[in-house]
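If you read the sequences in order, they're chains D and A.
Residues 1 to 337 in my numbering are what the first sequence spells out, letter by letter.
Residues 1001 to 1313 in my numbering are what the second sequence spells out, letter by letter.
Some, not all, of what chain A presents toward chain D, calculated at C-beta under 7 Å:
id	residue
1	LEU1113
2	ALA1236
3	ILE1290
Lysine to aspartate or glutamate pairs mimicking EDC-like chemistry, simulated, CA-CA at most 20 Å apart:
id	chain 1	residue 1	chain 2	residue 2
4	A	LYS1228	D	GLU263
5	A	LYS1168	A	GLU1180
6	D	LYS283	A	ASP1091
7	A	LYS1089	D	ASP330
8	A	LYS1089	A	ASP1307
9	A	LYS1089	A	GLU1309
10	A	LYS1089	A	GLU1180
11	A	LYS1228	D	ASP152
12	A	LYS1183	A	ASP1091
13	D	LYS233	D	GLU213
14	A	LYS1089	A	ASP1186
15	D	LYS283	D	GLU213
FYI, nobody ran anything at the bench for these hints, they're computed from the structure.
Just so you know, even glycine gets a beta-carbon here, dropped at the ideal spot from N, CA and C.
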Amino acid sequence: MTQIKKSLPYIIAVVGAFIAAGIFIAAIQYNPFEAYKTLITTSFRTPNGFIQTLMKWVPLTLTALAFTVPLSSGKYNIGAEGQFLAGAIGATTVGILLADLPPALLIPLVIIAGIITGALWGLISAWLLYQFNINEILSTVLLNFISFQLVDYVATGPWRDPSAGAPTTIAIGQNGYLPMLIKNPPLSIGVILMILVAIGIYFYTNKTTSGYELVATGANPRAAKVHGIDTRKMFLLSMVIGAAAAGLAGAMEVSGVQHRLIEGIHSNFATLGLIIGLISRGKNQAVPFVAFFIAVLEVGASAMQRTMMIPSQVVLIVEALIVIFILLSDLIKRRQK
Amino acid sequence: MTGIETFLVEFLKLTFLSMVPFVLAGQGTMLGGRTGVFNVAQEGIMLTGASVGFLVGYTSGSVFVGAIAAMLVGGLFGLILAYFTTTLKMDQFVVGLALFFVGTGLSTLLPKLVLGITLTPPLIPTLKNIPVPLLSKIPVLGPILFNQNVLVYISVLLSILLWYLLFKTNLGLRLRSVGENPKAADSLGISVNRYRYLTTIIGGMLIGLAGAYLPMVYTGTFTELMTKGRGWIVIALTFFGGWSPLIILLGSIFFAGIEVLSYRMQVGGSVVPFQFLNMLPYIGTIIIMIFTFGKSRVPAFLGQNYDRERRTL
Chain D
1 MTQIKKSLPY IIAVVGAFIA AGIFIAAIQY NPFEAYKTLI TTSFRTPNGF
51 IQTLMKWVPL TLTALAFTVP LSSGKYNIGA EGQFLAGAIG ATTVGILLAD
101 LPPALLIPLV IIAGIITGAL WGLISAWLLY QFNINEILST VLLNFISFQL
151 VDYVATGPWR DPSAGAPTTI AIGQNGYLPM LIKNPPLSIG VILMILVAIG
201 IYFYTNKTTS GYELVATGAN PRAAKVHGID TRKMFLLSMV IGAAAAGLAG
251 AMEVSGVQHR LIEGIHSNFA TLGLIIGLIS RGKNQAVPFV AFFIAVLEVG
301 ASAMQRTMMI PSQVVLIVEA LIVIFILLSD LIKRRQK
Chain A
1001 MTGIETFLVE FLKLTFLSMV PFVLAGQGTM LGGRTGVFNV AQEGIMLTGA
1051 SVGFLVGYTS GSVFVGAIAA MLVGGLFGLI LAYFTTTLKM DQFVVGLALF
1101 FVGTGLSTLL PKLVLGITLT PPLIPTLKNI PVPLLSKIPV LGPILFNQNV
1151 LVYISVLLSI LLWYLLFKTN LGLRLRSVGE NPKAADSLGI SVNRYRYLTT
1201 IIGGMLIGLA GAYLPMVYTG TFTELMTKGR GWIVIALTFF GGWSPLIILL
1251 GSIFFAGIEV LSYRMQVGGS VVPFQFLNML PYIGTIIIMI FTFGKSRVPA
1301 FLGQNYDRER RTL
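All chains should be built: construct the whole structure from the sequences, respecting the hints.
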C-alpha cells in the first residue's frame, strides 16, 4: 500500500505530462490518441519493434548511469556523449589494429578498450575538478565538442571507408563482433552485459562501504568530510565510474551494432540519458526501468514520424514535461511534510 | 597596406563581429548571477533565440521584429527559471538543465512546424554594416571598430552601461547585495525575489538575442545546434570575467579571437588537420578555466536559493 502511495505522485506526473503534450499535439493539428497509440504500441506489436527497443535500451541505460553515478556523489556529468564517443574510438582502434586475434581475445579487448578510453575521457574532467576545482558541468560539455572533432578526424583519416556516404571507418575485425543472442533481427549479448553492469552498480552503491561513502558524499558533503570521507576522491571516483559506463556503451555500439565508427554514432543517447537520470531522480536502481520506458517512446517516436508525419521531436517535449512534472511532484511532497 | 596588415585588420574586424554573442549572453549570465541565480540553460536559450529570431524574422519580413521575438522568448525562459528557483526553490542546476533540453528540442521542432520539412530553408537578409560618420574614416581603426553592424555597437555600449549601473549607482549596490548576502539585503528591506526575477528575465532576453545574432549575421538561416557550444563557453567566460561587465567584454573579444583564429587558419591552409583547429575554442576555454577558476571572485550566493524562513544560510 505504501509503495503505491509513494509512487502515485510519479504516475500522476507521467500521466499529466502525456495529457499536456497531447494538448500540444492537438494544437498542431494532429490526433493525439493516434499518436500515443503509435508511440506506446510500436515496441510490442512486432518482434522487430521489440528488438529495436532492446537495442536502444542498452546505450540509454548506460549513458543514464553515466549521469546518475556521479550524481550520487553530487556531481553533474553532462559528458556522457564525449565519453561514449571516446569509448567508441578506443574500441574501433583496437578492433581494427588487432583484427586478426581470435574472438576469445579480441572481443574482451575491444570492450575493455572502450571502457578504458571512456573512463580516461571522464578522468580529464574529474582531474580538472580534483586539481583545479573546475566546474564539472563545463569541462564535460566542452570535452563533448572536442570528441565530435576527434570522431570526425578518425572517421575521415586513413581508416576511412570510401564507399560510405557519411564519415565512417572500415569495419573492425569480425572476431571482435559481440556474439548474437538472436540472429534476425540482430540482437547482441550487449543487453546481458548492460543488465550485469546495472546490477553491479546497484550493488556497489547500495551494498558496499565505498559505495556508501559515495552516496554519503552526495547527501551531505560537509558531514561526509567531517566523518573522514575524502569527498574529493569520491567525486573523482564517481565521475570515472560513470564515464566508464558511457565508454562501455560506445564500445558495445561499435562491437555489437554498427561494427564500425560512424560520425553521429552517439545518436541522442546522452541527452536521453540525462533525461532518464532526471526522471529516475538520480536513483541508480530506477535507471534501467525508466530507460526501457524511454526506449519504447523513442522507437514509437520514429514510427510516429514515418507513418503520421509528426516530427519526432514532439516526444522530446513529452519527456521534458515528465521531468518537469516529476520535479514539481517532489516539490508538492516536500510541502506536505 | 601590406599583406600582413590586411590580414590583421580583417582578423580584428571579424573578432569584433564574433564577440557579440559572447558579450550579450555573457552579460545576461552575469546579471542573473549577480543576484544569485546561476543560469546554465544558455545553450538551449540561445538555440531557441536563433530559431525564433530566424522564423519570426522570415515570416514578418523584418529582422528587427525577429530580434525582438528572440528577446521575448529568452525573457520567458528567464521568467520560468526565476519562478522555479526563486519562488519554488528548486535546484538551479536541475531546472537549468531541463530548460536546456526544452530549448534545444524547441529550436529544431519550431522550424519543422512553421516551414514544414524542407531541403532548402529560406534565408533572411543579414544585418548590414553601419559605418559611424567620421570615425569610420580613421585608418586601420576605422574599418575594424566603426564599420560594423548595429549589435556590435550596442553590445559595447551595453557593457559600459551595465558596469556603470552595477558599480556606480544605488540600484547596482542593492542588486549586488542580493547575490552576496540575501539575508542582509532582505533585512534592509530589499526585495530579494524582485531583483532575482528582474535580472534573470533581462538576462534571458540578452541570451535570446545572442542566439538570434547567429542567423541574423552569420548564416541567414537556422541550422540545428548552430550555437556549437557557445552557450557553454559563455559560462566559462563569466567566471573568467569575474562576473564584472567590462572584463566580460574583454573576455568576449578574447574568446571570439580564438574562434576566428581557428576558422582563419583553416581557410589559410594549415598542416594541422582542421578537426584539431575546430577544437581550439573548447581547449582554449578549458585552459583559461584552469588559470581563472578559483581565482575569480564569484557572488557569494551564486547558485543558491534564498529562503527567508530558514534560520541558517
